[in-house]
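**Q** Mind docking chain B on chain A? Use the hints.
Chains as they are written, first to last, in the working numbering: chain A, 50 to 152; chain B, 127 to 479.
These are calculated hints, taken from the structure and not from any lab test.
Glycine included, each C-beta is placed from N, C-alpha and C at the ideal position.
Please note that the accuracy of each hint is not assured.
[To be verified] Pairwise CB distance ranges (calculated): (1) Asp422/B to Asn86/A: 46 to 54 Å; (2) Arg147/A to Glu150/B: 29 to 37 Å; (3) Val290/B to Asn135/A: 38 to 46 Å; (4) Lys282/B to Ala134/A: 37 to 45 Å.
[What the hints assert, rightly or not] Calculated cross-link-like contacts (lysine-lysine; reagent style DSS-like; alpha-carbon spacing at most 27 Å): (5) Lys167/B to Lys84/A; (6) Lys142/A to Lys163/B; (7) Lys84/A to Lys229/B; (8) Lys84/A to Lys298/B; (9) Lys229/B to Lys160/B; (10) Lys298/B to Lys282/B; (11) Lys142/A to Lys160/B; (12) Lys84/A to Lys160/B; (13) Lys160/B to Lys428/B; (14) Lys298/B to Lys229/B; (15) Lys428/B to Lys167/B; (16) Lys84/A to Lys163/B.
[Said to hold, decoys possible] Where chain A lies over chain B, by a calculated footprint (3+ residues, C-beta under 8 Å): (17) 314 to 320; (18) 391 to 400.
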Amino acid sequence: MPQWIDACSIDDIDAEDVIRFDHGDSTYIIVRDDKDNYYCTDGMCTHEAVHLSDGLVVEATIECPKHSSVFDCATGEVETPPACANLCTYPTKIVGDRVLVEV
Amino acid sequence: MTFRDYNLTGPANAQAIASGLVTEDWYRTPIDRKVMKDLMKRSDHPATRDTIVLFGLMAAFASAAVMIMPSWWSVPFWMAYGVLYGSAMDARWHECGHGTAFKTRWKNTVVYHIACFCMIRDPYCWKYSHARHHSDTVIVGRDPEVAIMRPVVILKMVLNLVGVLDFIDGMKRMVIHATGRMLDDEQDYVEPVFYSKTYRTSRIWLAIYACTGVAAIALQSWVPVLLIGLPRLYGCWHMMLVGWLQHGGLADNVLDHRMNCRTVYMNPISRFIYWDMNYHIEHHMFPLVPYYRLRDLHEVCKPDFPAPNRSIFAAYREMMPALWAQRMNPDFYLRRPLPKTAQPYHAGPYLDA
Numbered sequence: 050m051p052q053w054i055d056a057c058s059i060d061d062i063d064a065e066d067v068i069r070f071d072h073g074d075s076t077y078i079i080v081r082d083d084k085d086n087y088y089c090t091d092g093m094c095t096h097e098a099v100h101l102s103d104g105l106v107v108e109a110t111i112e113c114p115k116h117s118s119v120f121d122c123a124t125g126e127v128e129t130p131p132a133c134a135n136l137c138t139y140p141t142k143i144v145g146d147r148v149l150v151e152v
Numbered sequence: 127m128t129f130r131d132y133n134l135t136g137p138a139n140a141q142a143i144a145s146g147l148v149t150e151d152w153y154r155t156p157i158d159r160k161v162m163k164d165l166m167k168r169s170d171h172p173a174t175r176d177t178i179v180l181f182g183l184m185a186a187f188a189s190a191a192v193m194i195m196p197s198w199w200s201v202p203f204w205m206a207y208g209v210l211y212g213s214a215m216d217a218r219w220h221e222c223g224h225g226t227a228f229k230t231r232w233k234n235t236v237v238y239h240i241a242c243f244c245m246i247r248d249p250y251c252w253k254y255s256h257a258r259h260h261s262d263t264v265i266v267g268r269d270p271e272v273a274i275m276r277p278v279v280i281l282k283m284v285l286n287l288v289g290v291l292d293f294i295d296g297m298k299r300m301v302i303h304a305t306g307r308m309l310d311d312e313q314d315y316v317e318p319v320f321y322s323k324t325y326r327t328s329r330i331w332l333a334i335y336a337c338t339g340v341a342a343i344a345l346q347s348w349v350p351v352l353l354i355g356l357p358r359l360y361g362c363w364h365m366m367l368v369g370w371l372q373h374g375g376l377a378d379n380v381l382d383h384r385m386n387c388r389t390v391y392m393n394p395i396s397r398f399i400y401w402d403m404n405y406h407i408e409h410h411m412f413p414l415v416p417y418y419r420l421r422d423l424h425e426v427c428k429p430d431f432p433a434p435n436r437s438i439f440a441a442y443r444e445m446m447p448a449l450w451a452q453r454m455n456p457d458f459y460l461r462r463p464l465p466k467t468a469q470p471y472h473a474g475p476y477l478d479a
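If we strip away everything but chain A, and leave its shape as in the complex, we get (with noise of 0.2 Å):
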């Protein structure tokens, strides 16, 4: 059952730039666009095992840091391959100075 889960603060990423979340068994990552808004995906690359928080962050896409794969962070497309599949993606809201996701 999703539940909403304190991830960070809204400091804790800077602007145009990607951190780490793990939970329960799963990971994560908060990314944080140019523009301020704060997403949630799955941490890994759907082309292969590699984890996305030392990718890097353009506007509000992710790229991967092994293949160069493009995701849309807003929707979890694949706007550049090699990857095919999207990510998931996770709402996403700010309350106070926290990050706060549904996983």
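**A** Chain B alone, transformed into the frame defined by chain A:
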């Protein structure tokens, strides 16, 4: 001594998986996130400048060569044009394939497709081939881009120096793709959703080559094929000479790029042609860093890396005896010392660190 079967469809593939070599657990030098973010930042400027220079030089050399023909004085100009077509384009294929050359994505795509045509490499097959090379660098049975297989066959190296084997392989694959088929090894690493694009690309390319051939016959001139196609043969020598240094004589079946990659200091002309891929350990460990930041990344990583070779000549002086030793003992590899500041080698399941 271990016999090596590099065939991706042979038993070595499954053996590599079973022995834990197909993994994300590769060694990475710890670098502060803020530093890494800065190094990964892209700009259009360096690649735009370099691409204008590259195409400008190609146009200038080709124009001069055509005007001077049929005099033999045209040969140096053809050679210069050829090295840009057959070697510099390999570097552009590589960097734009990674998507790191330009900040603007469509620019990477355009230059990538032009470079793929010059190198006779299907854009989709080679994107996945190169992704596999980065995932499983010099893992026997997994890496489709092992340039020097053990034991080394000198004749093969000589033929590759003038592009013969790669040209034949590229043309063969293009013709097979044009008939609507993929080769067995490609089916191991290319996503099926891209097969139709591969077929379409190959048919377009075959049409271009056919027109080039027809033009040469109609004009009774070598010029069309000297401009398109043949430079892949007579111009690839620089690519091969610097490319062999990337992994030649070093370890295989390890999980540390400091053991299976080589960084070599090179002259500015080679670095322009090669687009800074001489910083090869750095590139494999951090593929998102664009070519124009690799020198900076090298400075950050120096305390953790083996010393780079000081020149192409010095690198060959190190590599050639190792390749010769591997003819007698395929398990031999160069194990270079690390500085005192470095973390120990992280070889993985086969070799002690």
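**Q** Run every hint past the structure and note whether it holds.
**A** Verification of the supplied hints:
The supplied range of 46 to 54 Å is broken by Asp422/B and Asn86/A, whose beta-carbon atoms lie about 30 Å from each other. Here the CB-CB span from Arg147/A to Glu150/B is close to 31 Å, well matched to the stated 29 to 37 Å. Distance hint for Val290/B and Asn135/A: a CB-CB separation of about 43 Å, consistent with the stated range 38 to 46 Å. Checked against the hint of 37 to 45 Å, the C-beta distance between Lys282/B and Ala134/A comes to roughly 39 Å, which is consistent with it.
Simply put, Lys167/B and Lys84/A have alpha-carbon atoms about 18 Å apart, close enough for the 27 Å limit, and the pair holds. Of the pairs offered as hints, the one joining Lys142/A and Lys163/B holds, with about 25 Å between alpha carbons and a cut-off of 27 Å not exceeded. At most 27 Å may separate the alpha-carbon atoms for a hinted pair to count; Lys84/A and Lys229/B meet this at roughly 19 Å. Our distance criterion of 27 Å between C-alpha atoms is broken by Lys84/A and Lys298/B, whose separation comes to about 50 Å.
Taking the CA atoms of Lys229/B and Lys160/B, the gap is near 19 Å; set against the 27 Å cutoff, the hint holds. Straight-line distance between C-alpha atoms of Lys298/B and Lys282/B comes to about 18 Å, which keeps the hinted pair within the 27 Å bound. In summary, the hint linking Lys142/A to Lys160/B is supported, as the alpha carbons are separated by about 25 Å, within the 27 Å threshold. A C-alpha spacing of about 19 Å is found between Lys84/A and Lys160/B, which places the hinted pair at or below 27 Å, so the restraint holds.
With a C-alpha separation of about 18 Å, the suggested pair Lys160/B and Lys428/B falls inside the 27 Å cut-off, and the hint holds. Restraint check for Lys298/B and Lys229/B: the C-alpha separation of about 34 Å exceeds 27 Å, so the hint is violated. Among the hinted pairs, Lys428/B with Lys167/B is consistent with the structure: their alpha-carbon atoms are about 20 Å apart, no more than 27 Å. With a CA separation close to 18 Å, the supplied pair Lys84/A and Lys163/B stays within the 27 Å bound.
Here the segment 314 to 320 of chain B counts 3 residues with a CB under 8 Å from a CB of chain A, which clears the bar of 3, and the coverage holds. Three residues within the 8 Å Cβ limit are the bar, and the segment 391 to 400 of chain B against chain A gives 0, so the coverage statement is violated.
The earlier numbered hints that this structure contradicts are 1, 8, 14 and 18.
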